[in-house]
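As a plain string of letters, each chain reads:
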Amino acid sequence: AQSVTQLGSHVSVSEGALVLLRCNYSSSVPPYLFWYVQYPNQGLQLLLKYTSAATLVKGINGFEAEFKKSETSFHLTKPSAHMSDAAEYFCAVSAVLDQGGKLIFGQGTELSVKP
Amino acid sequence: KAGVTQTPRYLIKTRGQQVTLSCSPISGHRSVSWYQQTPGQGLQFLFEYFSETQRNKGNFPGRFSGRQFSNSRSEMNVSTLELGDSALYLCASSLSNIQYFGAGTRLSVL
Chain A
210 AQSVTQLGSH VSVSEGALVL LRCNYSSSVP PYLFWYVQYP NQGLQLLLKY TSAATLVKGI
270 NGFEAEFKKS ETSFHLTKPS AHMSDAAEYF CAVSAVLDQG GKLIFGQGTE LSVKP
Chain B
1066 KAGVTQTPRY LIKTRGQQVT LSCSPISGHR SVSWYQQTPG QGLQFLFEYF SETQRNKGNF
1126 PGRFSGRQFS NSRSEMNVST LELGDSALYL CASSLSNIQY FGAGTRLSVL
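Chains as they are written, first to last, in this note's numbering: chain A, 210 to 324; chain B, 1066 to 1175.
Please keep in mind that the hints were generated in silico from the structure rather than gathered at the bench. Treat the hints with care, as some may be off.
[What the hints assert, rightly or not] With a cut-off of at most 30 Å between alpha-carbon atoms, the simulated DSS-like pairs for lysine-lysine come out as follows:
hint, chain 1, residue 1, chain 2, residue 2
1, B, K1066, A, K258
2, A, K267, B, K1066
3, B, K1122, B, K1066
4, A, K278, A, K258
5, A, K258, A, K277
6, A, K323, A, K267
7, B, K1122, A, K278
8, A, K267, A, K278
9, B, K1122, B, K1078
10, A, K258, B, K1078
11, A, K277, A, K267
12, A, K258, A, K323
Extracted from the complex, chain A is given alone in its bound form:
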């Protein structure tokens, strides 16, 4: 069984500040891990993915995440927040052996960026 927990349903940062969105996962098999972003009235856009290669993963828009197996974590970071980063962010897991057809999502974290 797999599950994802995102700590904090709302995170607020000032423009230029560090963004840290937390994600912990549970998986009985090697996982694939993903971060998606959703802007209002839109679908999900893939930010980055971990698929068992490098543990530090770089994504689009300056975001990165580090896979830490010992902590079962996959936190998302960005050194300097921009107003355009305000959106909802979802962490998701799928089983490597599941052929990628089923994602289990966390509850999401809404990021606000203050000027």
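Starting from the known structure of chain A, arrange chain B on it as the hints suggest.
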């Protein structure tokens, strides 16, 4: 390359009716998954189709069904609509374990 296309974008139905949503995947993608997004339950997996066969299924009642055609396009059907079916329905197509999402169909049940 065109992205995942979902039609229609918005739908309003009344209780008891049925509805069909359509999803055209990215060219070359053979897997299509469907998700329901609501404020209370978040994003929940409905089902996945690969080469016209249902390969994975979530925990939804039998009123929710789907199918996939030989060109990989997929449809999702909900029969006997309930108020609680009001949601954003997202379709994703995938290649090599990475899912790409469409903009969704927002269904309102009155």
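Exercise. Starting from K258 of chain A, check that the Cα of K277 of chain A is at most 30 Å away, please.
Key: Holds, because 14 Å separates the two Cα atoms, which is no more than 30 Å.
Practice problem: Sort out whether K1066 of chain B lies within 30 Å of K1122 of chain B, counting only the CA atoms. | Solution: holds (29 Å)
Quiz item: Are the Cα positions of K1122 of chain B and K278 of chain A separated by 30 Å at most?
Solution: holds (28 Å)
Quiz item: Does the structure keep K323 of chain A and K267 of chain A at a Cα separation of 30 Å or less?
Solution: Roughly 25 Å separates the two Cα atoms, so the pair holds.
Quiz item: Can the restraint linking K278 of chain A and K258 of chain A be considered satisfied, given a maximum Cα separation of 30 Å?
Solution: Holds, at about 15 Å.
Quiz item: Are K1066 of chain B and K258 of chain A close enough, with their CA atoms no more than 30 Å apart?
Solution: holds (21 Å)
Quiz item: Is it true that the CA of K258 of chain A sits at most 30 Å from the CA of K1078 of chain B?
Solution: violated (37 Å)
Practice problem: For the pair supplied as a hint, K277 of chain A and K267 of chain A, confirm whether the alpha-carbon distance does not exceed 30 Å. | Solution: Roughly 15 Å separates the two Cα atoms, so the pair holds.
Quiz item: K267 of chain A and K278 of chain A: Cα distance at most 30 Å?
Solution: It holds: about 17 Å lies between the C-alpha atoms, which stays within 30 Å.
Practice problem: Would you check the hint for K267 of chain A and K1066 of chain B, treating anything up to 30 Å between C-alpha atoms as holding? | Solution: holds (23 Å)
Quiz item: Regarding the pair K258 of chain A and K323 of chain A, is the alpha-carbon distance no greater than 30 Å?
Solution: Holds, at roughly 28 Å.
Quiz prompt | Distance restraint between K1122 of chain B and K1078 of chain B, which requires alpha-carbon spacing of 30 Å or less | solution = With Cα atoms ~25 Å apart, K1122 of chain B and K1078 of chain B stay inside 30 Å; holds.
Of the numbered hints given earlier, the model fails hint 10 alone.
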